[in-house]
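Chemist: So you can see what is in the structure, the chains are spelled out below.
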Amino acid sequence: MSGGRNIILEAREITKRFGHPASFINQSTLVHAVTAVSLSVRRGETLAIVGESGCGKSTLGRLLLRLIEPSSGSVFYEGTEITALKQKDMRRLRRELQIIFQDPFASLNPRMTVRQILAEPIRLHRLAVGKDVDDRVDRLMRTVGLRADWSDRYVHEFSGGQRQRIGIARALAGDPKLIIGDEPVSALDVSIQAQVVNLLGELKHDFGLTLVIVAHDLAVIRHMSDRVAVMYLGEVVELAPADDLYEAPLHPYTSALLQAIPVSDPAARGQRQLLQGDLPSPTAPPSGCRFHTRCPHARPLCSQAHPALEAAGEGRFVACHFWREIQSAGVSLPVATTRRSALELRLGLYRARQAERKQGAQ
Amino acid sequence: MTTTEPLLSVENFSLGFGSKIDLIDGISFSVEPGKTLCLVGESGCGKSVTSLALMGLLATTPARITGGKARFDGKDLFTLSERARADLRGNDIAMIFQEPMTSLNPSMTIGQQIVEGILRHKPVSRDAAQARALEMLGLVRMPAPEKRFHAYPHQLSGGMRQRAMIAMALANAPKLLIADEPTTALDVTIQAQILALVSRLQAETGTAMILITHDLSVVAEVADHVAVMYAGRIVEVGSVDDIFSDPQHPYTLGLFGSVPSIGRRSSTLATIEGSVPPLEHMPRGCRFATRCPFADQRCMDEVPPDYEPKAGHRVACWYAPLEAHVRAA
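Sequence order for the protein chains is A and B. Counting along the first sequence from 1, when you hit position 359 you're at 358 in numbering that gives the first Met the number 0, and nothing is skipped either side. Counting along the second sequence from 1, when you hit position 192 you're at 191 in numbering that gives the first Met the number 0, and nothing is skipped either side.
Derived EDC-like pairs (lysine to aspartate or glutamate); straight-line CA-CA distance at most 20 Å:
id: 1; chain 1: B; residue 1: K121; chain 2: B; residue 2: E134
id: 2; chain 1: A; residue 1: K357; chain 2: B; residue 2: D295
id: 3; chain 1: B; residue 1: K121; chain 2: B; residue 2: D91
id: 4; chain 1: A; residue 1: K203; chain 2: A; residue 2: E44
id: 5; chain 1: B; residue 1: K146; chain 2: A; residue 2: D277
id: 6; chain 1: A; residue 1: K357; chain 2: B; residue 2: E272
id: 7; chain 1: B; residue 1: K121; chain 2: B; residue 2: D86
id: 8; chain 1: B; residue 1: K146; chain 2: B; residue 2: E134
id: 9; chain 1: B; residue 1: K121; chain 2: B; residue 2: D72
Since the hints were made in silico from the structure, they are not lab data.
Generate coordinates for the entire structure from the input sequences, incorporating the hints supplied.
Modeler: Okay, here's the thing in structure tokens:
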């Protein structure tokens, strides 16, 4: 993948295994969570990492921030190999590299007020002292759409969506350059999801952030990301600009994931080719291409040789022996949503009135 | 909805937690034999507690029924004796829960749990019940059913557990299946498998279903009829085509606007501002009024009448249809 100053964060052949290898007495409990993943994140982009539960996407997210140590491989941030830094130096960098967790209740200290939670990184990184800390906290609260005078409340006093806003405010408190969102909206209700997705988009724009979003919801991903990396059993199987990936997926796993999304139109209900079976156990990943046990296009070669992630033109990468042939065989795509006129018309009125009221309130 | 005699008809059902204001405030809906009704709404709108009320499982919660009727197959569910309810439960009415891990018994094998349910309701021998359980595991396409029969829930994946739940729920060929967010905890590929499975089994057995979900794309996939719930009231009800091609209520519109569409990308998602107010601050009129961009004082004070754009499609909004009452900006 292209290097240069354009790249803010890069993983090279990064691998993470959990557990113990086989010994005299014990069977191997080694889980191959992430295997030799190379990935670069461009400055200012939103990169999404998607896949099913257990594919290693959250582990990869944590590896990128060195929240866990890799078994092998390295991570570079702004050209510095952060996997080789001393803890002390790493701690200084942490201000610039932040994370938002899936469950905002489990990741915010219930015994601290929101003010204490937000002030902690500001003090720790000496971004402000004295009364300026309070000003910064108030500003953060308003930035994420919360009332500044709520900051003396405890986390349990807030709703799920508000808690996630607090989680975002905490990530922003240290003036970060890059934020990793680990399923930042999947625990929230749809209407609240939309609020948080919009907020992340605005913040990214206003603060010039780079975002890495780890998620399993492909619809949300398309809406918010520039590029998408698809993971399967610890490996990246496809990486492409979002629109290309959704319009013409190259890897059979990507098209299976897209096929699995229910159509949002009852008239388009029909027979879809569904992926059968469950994800194989990551303690004993299949030989060759790890997807071959579920792949509708698998051939003998697939169980023998491991396909490398190769360039497929136009900034796309795919790890499949037969992607050219499969593609020419015509992968059918999910039917695009056809919103009908009554919905368009009324949703138009809804948006217009909402915008009017917002203006009126300011 | 149509002229077919409904299997279940709920009228003016209200439920509260002992305060002055009821959480569920007089909702009515019906389910026809073999059809699927989707109850759509967000957390806290009362859809799950409605299903618990229908199952007669409220005793473990602080909620109490404060009014209304639920006629199922000629019986009023809300006045049945506890014994009669227990005979219905798991037999004529079965339920699938969201999180199969917490609703399966961790100390019993999958097979034992299915057999127990059959023996409770059907006058069959243990051998016959076991054969039926095994048959059900095959029907739900459980991989290696003979082996899984002896497996404990923790030994199965999330998708397999949900298959086991479905096998258990359908083992006695219920007339009505209530599925409370059956696929929410699952990955999208497994969700698609489970939805396809449920539709197929439903077509084969003629079981009616109430599917509770917050996911409109799931609704589009499986529903015949849809009831959109907000804060304990049904704001819009109709056939799935009515709701998707002619959505009327501002809350329904907001829900559609909030869902990112897979087909194309727009700059920002339409959102529903704010959040559901606590019960004690619920407006007297339309409960959506605090978040609705069209709301005025009348919406806050007076309960909106039903507007019926066509037979079976009802909307509770003072301003429906919007285009007739609201001028474009």
